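S.K.: As a plain string of letters, each chain reads:
2 protein chains.
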Amino acid sequence: MKFSARHTVKNSHARTGILTTPHGVIQTPVFMPVATSGAVKTLSPEEVKNLGAEIILGNTYHLHLRPGEELIAAEGGLQKWMNWLGPILTDSGGYQAFSLGATRSKSAKTTDEGVRFFSHLDGKKLFFTPESAIDIQLKLGGDIVMVLDDCAPFPATEKRLYAAVKRTGEWAKRSTEHWQREGIALRQAQGKGLFGIVQGGLNKELRQQSLKDIQSLPFDGIAIGGVSVGEGKQNMLAAVDFIANDLDPTRPHYLMGVGEPIDLIRMIHRGIDMFDCVLPTRLARHGAFWTTNFKRENIRRASFTNQSKSLDPKCNCPTCQTYSASYLRHLVMTNESLGLRLLSIHNLSIIFNLLREIRSSIENDNFVNKFGPHLS
Amino acid sequence: MKFSARHTVKNSHARTGILTTPHGVIQTPVFMPVATSGAVKTLSPEEVKNLGAEIILGNTYHLHLRPGEELIAAEGGLQKWMNWLGPILTDSGGYQAFSLGATRSKSAKTTDEGVRFFSHLDGKKLFFTPESAIDIQLKLGGDIVMVLDDCAPFPATEKRLYAAVKRTGEWAKRSTEHWQREGIALRQAQGKGLFGIVQGGLNKELRQQSLKDIQSLPFDGIAIGGVSVGEGKQNMLAAVDFIANDLDPTRPHYLMGVGEPIDLIRMIHRGIDMFDCVLPTRLARHGAFWTTNFKRENIRRASFTNQSKSLDPKCNCPTCQTYSASYLRHLVMTNESLGLRLLSIHNLSIIFNLLREIRSSIENDNFVNKFGPHLS
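Those protein sequences? They're chains A and B, same order as listed. Per my numbering, the very first residue in the first sequence carries number 32; after that it's consecutive. Per my numbering, the very first residue in the second sequence carries number 32; after that it's consecutive.
Read the hints as simulated data drawn from the structure, not as lab findings. Owing to the predicted nature of the structure, the values given are computational and were not obtained by experimental measurement. Among the hints, a few may not be true.
All copies of an identical chain are treated as equivalent in the list; a pair is satisfied when it fits inside any one copy or across any two copies.
Derived lysine-lysine pairs resembling BS3-like cross-links, with alpha carbons at most 27 angstroms apart [what the hints assert, rightly or not]:
| # | residue 1 | residue 2 |
| --- | --- | --- |
| 1 | K345 | K111 |
| 2 | K401 | K197 |
| 3 | K340 | K111 |
| 4 | K140 | K340 |
| 5 | K41 | K243 |
| 6 | K140 | K33 |
| 7 | K80 | K41 |
| 8 | K243 | K264 |
Let the hints inform the model, and build the full structure from the sequences given.
M.R.: Next comes the structure, spelled out in structure tokens:
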């Protein structure tokens, strides 16, 4: 895996870059739509591609449960199976194992060995280790593989945060060692990349320690975790600000689980190159959408009942070019899944258009000027 | 509205024809996908068009409840509102008013005046008359408008069937009179058409009486109702056979609610020109699909788990050209709505491909030869 920063900006950490993967080249800053269970909710891979996606994210927890990595491997990997011809980043599954993998009486449990959890489908006892998380992701066909990390819940005690950072560091080391073993090294040689994850919650020292731990290892990219877990906007900014100056500029920086347009601008300003988030499709399922000036609106509002115009007259997405807000509102109010699909298309377009604008403004040394009011 | 039979077949009532509507020309025999509430479930109007649909059906009952015909009229009619640029047939709403329009304590009730029913959404008391059913459909923008008829439940007593036929005839007369009144006649002059409906259940004399009643009136087309309501295949054939020889050849013949491929073949043989049915999309929602030899299969079957091939190797639909059965099964098993959408696309393609083959075989005087085993 190869990353090269193309252009950096004065008075900002914002930069454009090129990330080369086995399934194609990605222009950063990039947003990865989430194909939780083999599909970006309501959309075909072709639609996602046409909207401007260059890479998508697959959820290891969900795919491990159904249909299982063995089936996907036998079908030629996620890319071939779901007909997504570009790169795919797979998460480690740890976060979902911890948040979804509980029964009524037993919760998921993290030990030094790994995460023990229970399938939310049938209660089956399962286990992820740093090693097995990599093995599963390689079977799924991930171009970018994420390490298993220990993401402390929010809020957490200092003691728990400290333990999470320590364990995350130890698992990171085990992960890079596993990654370099025979067989796996072979796959790595195909150009796949392994990313480490920085934890540490809202504790500056712990964030910096975690960054040091992760950056001391031969990861292909540095991810920042635990910033979208129940924390407010200001906290999210703080967590990134603790380490923004110390991010290794030779590697890509990936902020996990962030997708609000305004946050993308702020975080790109802080040096982030990659994002993923379920928001564009999740908001759509609740009738919510972004306007071209990054405000949230809801199509269920009565004022849209008779709006013959599109959702946003300034939007050039396929939904806004074709359908009135009145029609979209009707679809959502009557639970027609086409409504969710058309809103998902709009929301993803807002994100991809924003990223195109941002990349272009960086290349033209105009980023700070153009997005100034949104940077802090 | 103009209909001309183009080609008829020896030893069969099968024929091709051209139906001219205000929103374009339809080649018959034709299948109309059902856009119940302003959308063919899970599909965009553009997708429906690309699959080969030339006309769709809108449900007056559903659209009357939400968003209401006034809103749709203000938005320029169904065609403009939902971005379906072709013709639309609207049903009268009577069938759904009767089957859905009941509260826990009160059922819908048919009197000589019309159908009294209750909104299934909020229990509001509503009323359709032959006249109001036309008015609503014209506001919706129907190119083909259906009369309100009295469809007796199945099974029905002879007395109830007789009453239904009598009332259907009286309402048909009121409908043609209303259609010819000033203002409405104006719309008719735009090329819209009004279709009458033949009832009579499984009683030969009543079917023939009803046909005589309907054909004596200046309808633009003759529909056959009450054949898909809880009746078996043999009964459906019998009901049509009672009147097949007496259908006026100068007008189009529309069999309501029939969409199983094998039934389309049989019924086209009996002189039917038009069909509508929710089956292609309803089956998809249950994981069911048709093969190219008109058998029903279900993607949930375990044997599809590892099937790297498409649903049907002989199918050239967008779904089969792109996705494996294994992937489609996964989408359906995990309730990803993309799965329902891809199966709907397949099922509609099976129907449209069949109709293309049938029309071509009729034009080539090869229909009886080609579809012989399926005709009886």
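S.K.: Now tell me if each hint is right for this structure.
M.R.: Here's how the hints hold up against the structure:
| no. | hint | result |
| --- | --- | --- |
| 1 | K345 to K111 | between (36 angstroms within a copy, 21 angstroms between copies) |
| 2 | K401 to K197 | neither (40 angstroms within a copy, 74 angstroms between copies) |
| 3 | K340 to K111 | between (39 angstroms within a copy, 12 angstroms between copies) |
| 4 | K140 to K340 | neither (51 angstroms within a copy, 40 angstroms between copies) |
| 5 | K41 to K243 | within (25 angstroms within a copy, 85 angstroms between copies) |
| 6 | K140 to K33 | neither (36 angstroms within a copy, 72 angstroms between copies) |
| 7 | K80 to K41 | neither (32 angstroms within a copy, 51 angstroms between copies) |
| 8 | K243 to K264 | within (24 angstroms within a copy, 73 angstroms between copies) |
Hint compliance for this structure: hints 2, 4, 6 and 7 are broken, all remaining hints hold.
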